[in-house]
Amino acid sequence: MTSRRKYETRLDPALWAYIDAVNAWYPPEIVGLPIDKQRAVYDRMCRAFHQGRPPGVKASDGLIAAAGRDIPVRRYQLAGKAAVAMVVYYHGGGFILGGLDSHDDICAELCAGTGFDVLSVDYRLAPEHVHPAAFDDAVTAFEWAAAATGLPLVLCGESAGGNLAAAVARATRHGAAIGQLLIYPELGGDESAGSYIEHADAPLLSLHDIAFYRDVRSTKAQSPDDPTFSPLRGRDFSGLPPTVIVTAEWDPLSSDGEAYRDRILAAGSKAWWHEEPELVHSFLRARKTVPAAGEAFARIVAAIAALGRGEWPY
Numbered sequence: 002m003t004s005r006r007k008y009e010t011r012l013d014p015a016l017w018a019y020i021d022a023v024n025a026w027y028p029p030e031i032v033g034l035p036i037d038k039q040r041a042v043y044d045r046m047c048r049a050f051h052q053g054r055p056p057g058v059k060a061s062d063g064l065i066a067a068a069g070r071d072i073p074v075r076r077y078q079l080a081g082k083a084a085v086a087m088v089v090y091y092h093g094g095g096f097i098l099g100g101l102d103s104h105d106d107i108c109a110e111l112c113a114g115t116g117f118d119v120l121s122v123d124y125r126l127a128p129e130h131v132h133p134a135a136f137d138d139a140v141t142a143f144e145w146a147a148a149a150t151g152l153p154l155v156l157c158g159e160s161a162g163g164n165l166a167a168a169v170a171r172a173t174r175h176g177a178a179i180g181q182l183l184i185y186p187e188l189g190g191d192e193s194a195g196s197y198i199e200h201a202d203a204p205l206l207s208l209h210d211i212a213f214y215r216d217v218r219s220t221k222a223q224s225p226d227d228p229t230f231s232p233l234r235g236r237d238f239s240g241l242p243p244t245v246i247v248t249a250e251w252d253p254l255s256s257d258g259e260a261y262r263d264r265i266l267a268a269g270s271k272a273w274w275h276e277e278p279e280l281v282h283s284f285l286r287a288r289k290t291v292p293a294a295g296e297a298f299a300r301i302v303a304a305i306a307a308l309g310r311g312e313w314p315y
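Sequential numbering of the sequence shown, starting at 2, is according to my numbering.
A couple of the hints might just be wrong.
[Said to hold, decoys possible] Between beta-carbon pairs, the in silico distance windows are:
1) 24 <-> 300: 47 to 53 Å
2) 83 <-> 34: 42 to 48 Å
3) 82 <-> 266: 32 to 38 Å
4) 102 <-> 201: 38 to 44 Å
5) 85 <-> 223: 37 to 43 Å
6) 34 <-> 312: 32 to 38 Å
7) 212 <-> 130: 31 to 37 Å
These are computed hints drawn from the structure, not numbers from a lab. Where is the CB? At the ideal position from N, CA and C, for every residue including glycine.
Make a model of the complete structure from these sequences and hints.
Written out as C-alpha cells, the structure reads:
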C-alpha cells in the first residue's frame, strides 16, 4: 500500500487529484482480483480518462498475419499530411492489461503532435500468453511496419510497452529503427538500489506491483537474465538507435532509465535520460489536468518528432 504520508507534501494538489481519481477507479488492492476482473475495471478507467482524438486524426484498425495468430493494430494518420515517419507504439498495463482502446487518445495526440503515422500494437497479454508471446508480437509488428510502409520507424513504449520497445530495438538493431523513446519503462534493473528502494511504495506503482506483474508474465523456467524479458540484463548494447528515456521522479522504475542510458553511452551510441521532477508513474494520463505532466508530454512529442526526422534532440 502506498505510504501517503511520505509523499503528502511532495506532490502537487493537482497530481494528488489525479492519483485519487485513478485509485477510485483502479484501487491498489485490485491486484488481488482475478485478471479478467482487473481488466474490466482498467478498461472502464481508461474510458473515463479518454480525452478524445484531436481534429484531423483518423484511425483504422487492421490485422498483421503471424504464425498461428493475427496481431490487431490501429494506425493513426493525420488527414491531408503525408507522413515522413511512423511511430510503432506499445502500450503499458503490466503485460496483463490494456489494448488498442486503453491508449487510443495518447496515440492520436502523438500523431497530431508529430505529423507522423502511429501504429499501436495489441500484443498478447499474460497470463493467457506468457513470455515471449508479447515480445514476439512486438517484433513481428515492427518488422511488418518496416516492410509494408517504407517509412523511417521510431519505437515508442510506456511502462511494460517501454520494455517491449527496448527489447525490439535490441532484436532489430543496426539500422532498423531510426530512434526509440521509452516512457517510464520497466527494464529489469537492480531492485536492491536506487529508486527501487527510495520509492518502493510510490503512488500508482509499488515494488510489490512490479513483482506481481513480473510473476504473472513469467513461466517457472523464465530466466531473469533473458534480455528479451529484461533488456538491462543484456551484455551488448552496441548498435541501438538513438535513444531517449523519460522517467518520473516518484517511481520505483526511474533508475532503470538511468542505467539503460549509461549502458548505451558506454557502448558508443546516443542516449539521453531525463527524470521528470515531482511526477509519478502513468503521468501520461494526467497530461490534461496536471501542468507538469502536460509539459512533460509536450517534450516527449517534440523528442519523437526530432527522432523521426533523423535529428538528435539533445
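Looking back at the hints listed earlier, which ones does the structure fail to meet?
When the structure is compared with the hints, numbers 1, 4, 6, 7 turn out to be violated.
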